[in-house]
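Quick mapping for you: the protein sequence lines, in order, are chains D and E. Residue numbering for the first sequence follows this note's numbering, starting at 129 and increasing by one per position. Residue numbering for the second sequence follows this note's numbering, starting at 10 and increasing by one per position.
What the hints contain is simulated information worked out from the structure, not anything from laboratory work. Each hint should be verified, as a subset may be incorrect.
Distance windows between CB atoms, simulated [to be verified]: (1) D:Met403 to E:Pro31: 39 to 45 Å; (2) E:Thr421 to D:Glu184: 22 to 28 Å; (3) E:Thr421 to D:Lys360: 50 to 56 Å; (4) D:Glu222 to E:Glu142: 25 to 31 Å; (5) E:Arg285 to D:Glu224: 27 to 33 Å; (6) D:Tyr289 to E:Gly431: 47 to 53 Å; (7) D:Asp359 to E:Lys429: 22 to 28 Å; (8) E:Ser443 to D:Ile194: 56 to 62 Å; (9) E:Glu398 to D:Gly306: 27 to 33 Å; (10) D:Glu168 to E:Asn124: 15 to 21 Å; (11) E:Glu222 to D:Met403: 54 to 60 Å.
Virtual Cβ for every residue (Gly too), placed ideally from N, Cα, C.
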Amino acid sequence: MHKILYAEFLAQDIKRFRIQALKIAQKRKAGQFVIIRVRENGERIPLTIAGSDKKEGSVTIIVQGIGKTTKQLNKLKSGDSIMDIAGPLGKPSEIEKFGTTVVVGGGVGTAIAYPVAVALKEKGNHVISIVGAKTKDLVILEKEMKDTSDELFVTTDDGSYGFHGFVTDKLLQILNSGSKVDFVLAIGPIPMMKRIADVTKPFGIKTVVSLNPIMVDGTGMCGGCRATVDDKTVFVCVDGPEFDAHKVDFDLLTKRNRAYMREEKVAMEKFMKEML
Amino acid sequence: MQKISNKDRMKIPRQQMPEQEPLARVANFLEVNLGFDAELAKTEAMRCLQCPKPKCIEGCPVQIKIPEFILLISQGDFLGAAKKIKEDNMLPAICGRVCPQEEQCEVLCVTGKKNPPVSIGRLERFVADYEREVAGLSVPEPKPRTGRKVAVVGSGPAGLSCAGDLIQMGHAVTVFEALHELGGVLVYGIPEFRLPKTIVKGEIENLSKLGVEFVTNAVIGMTDTIDELLENEYDAVFIATGAGLPYFMNIPGENLIGVYSSNEFLTRVNLMKAYRFPEFDQPIIDVKGKNVIVVGGGNTAMDAVRTSKRLGAKNAYIMYRRSETEMPARIEEVHHAKEEGIEFRILTAPVEFIGDENGWLNGAKCIKMELGEPDSSGRRRPVPMAGSEYILDIDVAIIAVGNGSNPLISQTTPDINVNKRGNIIADENTCATSKKGVYAGGDIVSGGATVILAMGAGRKAAKAIDEYLKSLDVPVNQPAGSNA
Ligand SMILES: Cc1cc2nc3c(=O)[nH]c(=O)nc-3n(C[C@H](O)[C@H](O)[C@H](O)COP(=O)(O)OP(=O)(O)OC[C@H]3O[C@@H](n4cnc5c(N)ncnc54)[C@H](O)[C@@H]3O)c2cc1C
Ligand code: FES
């Protein structure tokens, strides 16, 4: 059992947790993830590590309640516990001194992009961040991103806050303004990452995305997390999760992530009934 | 005991294993073989000729004293028989169920020359079950502690047997397991209907009682590296991480939804209990009323195909590119699969998977094979027959063509030598690797093999580690809290 040391909502359905896991806190690097199991009969799900506190021995995860397990997790409060946490898993982000970098976070993807932005900054890069959300209330980590970025842009789809439009629109604006960008990292929903890849490709800018396939073990044992990158099959949990955005088959990933839609609905309905 | 001549012994027929009827068992996940009762066991034991130079022992990878334990059974001393087996095999309830006896001990049985061989495996299983049910698992007296600590990486049969021996030699042992559950392939791979999980749990509880410490969710290479284990706490390490990197076939369509590796399919069902979804959260694609093919001819393939039948598949096929004689699966598993209505498409292989516009598998293009010249494995090489392609309507395909080795440890410990297939290179007799104090055994060394070989390797390693620890001249660390 791993104790939740602190839990707070950042926005509706988006919750930040600090969970006791000393070893993982000491070892984790930007870009890595954990596999957790909330309860005894629970499924194993991957969650990217958003930060850690080595002294306290805790890792931070930020969870959007979408499916049954994430909703169940978001019901837990400080002092509660989760069953299992394993990690850190996956390859750390490749942090180099690129020059000018743009970090794009869409929705809860901002939580995953944040530690990479911190690492890029620490390495001496000029960091421009674009944080996107559907609407003002769903913008997360604005302050944290601001503190670690040289420039920060917030975009909302409905124009209720910051720039009115998608993160891609903002990125295109930056690129068209003639700024020289050497590296782009984009983390968010698959359609967003795909569009970012399309935007940066004509400019020939190295672009990296973090993939979020369905996983089971997270250690390379099952192959459930496979994706096609550069026409080759990869196991995202051990070969990634970060890949060259221009080589990822996003359509395949989108389809594969729908494999259990029917079951997710069944689980959700059962969970909602139990909550009543 | 009555005197009985060898001639009369030969006349006793091989006793049938009581089992669940095929029609009943495909509707549940309970064990198929029900086990001998005392009467059947004693009768079967009478068939053993008590050869002065027993051939069977030569076939056993850990040299169980087979005629001796069978004699004890025929005398009704079942607990004595269990003790006799345990001198050489730590996990008889497991091995009695899953060892390929027909190619190890039973194939050499002298009775078997003219008649069916003595059912050595079933007798082994009987005494192990008897001991567990009647006497409970026995915990030997603890040995004086040596103060040395060993880390075992992986909790499959290799890791468990090594831990069991080391703790009884007086060393402290911690087993690190990547998953949240202990047992390795015994829990995530081999299904309940062949090896009930309570048996594996019992063995693990027994080790806990002996003082073995278990740490789950510890992915060595990531959570801790081998070097960190050696620097921080442990005097030696045994790596028993198994062969856990599934091979795919590299044919078109392999990433369609509905194509699983056998590891994923079996892990979802066995470890995550997806067959009890939604009571358990982890889902699996619903195969009720659908067509499933399993590609491969080993135990894993048989387990996957029989599992899919139990999940309600309408047609469940084994597709294997060689002929049935080349199938590596245990004969009993092939036999049980056939009884359960599994259709065998031998000398056939898929060349492409076909899907719909949403990325769901709906067919396999298959090609027929004929056997040509023997290949490097000594088996006749399957050669595709031009123009024999056909399409099979399927909804789920499970690839069970073998496993490579997981690179997490070798990547983070470059001074452990591996061969070109990624298997750790270890001494055959001592399991020592190229790195001082680090030993390795089981599937991570041999590639996918058997439970008994993994167990044997674990025991060999324990012996070698014990000798290594005794040879160390660094002083034993002062135990925590001592005033010295
Ligand atoms: C479906 C199936 C059916 C089989 N049927 C039979 C049969 O009938 N008879 C038979 O004799 N053999 C059978 N086998 C083969 C047999 O199970 C294996 O040969 C045996 O389990 C190997 O034992 P092991 O201890 O080397 O590894 P495993 O049992 O594979 O255990 C390795 C353990 O190490 C863990 N691990 C891996 N990497 C790490 C890491 N980095 N850190 C920490 N832990 C790690 C794994 O999670 C796993 O729990 C079968 C195999 C399968 C897959
Ligand atoms: S999640 Fe199983 S191999 Fe990646």
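Each hint tested on the structure:
no. : hint                             : verdict
1   : D:Met403 to E:Pro31: 39 to 45 Å  : 43 Å, holds
2   : E:Thr421 to D:Glu184: 22 to 28 Å : 26 Å, holds
3   : E:Thr421 to D:Lys360: 50 to 56 Å : 23 Å, violated
4   : D:Glu222 to E:Glu142: 25 to 31 Å : 57 Å, violated
5   : E:Arg285 to D:Glu224: 27 to 33 Å : 47 Å, violated
6   : D:Tyr289 to E:Gly431: 47 to 53 Å : 51 Å, holds
7   : D:Asp359 to E:Lys429: 22 to 28 Å : 24 Å, holds
8   : E:Ser443 to D:Ile194: 56 to 62 Å : 47 Å, violated
9   : E:Glu398 to D:Gly306: 27 to 33 Å : 56 Å, violated
10  : D:Glu168 to E:Asn124: 15 to 21 Å : 50 Å, violated
11  : E:Glu222 to D:Met403: 54 to 60 Å : 38 Å, violated
Figure legend: structure checked against the earlier numbered hints; hints not met, in rising order: 3, 4, 5, 8, 9, 10, 11.
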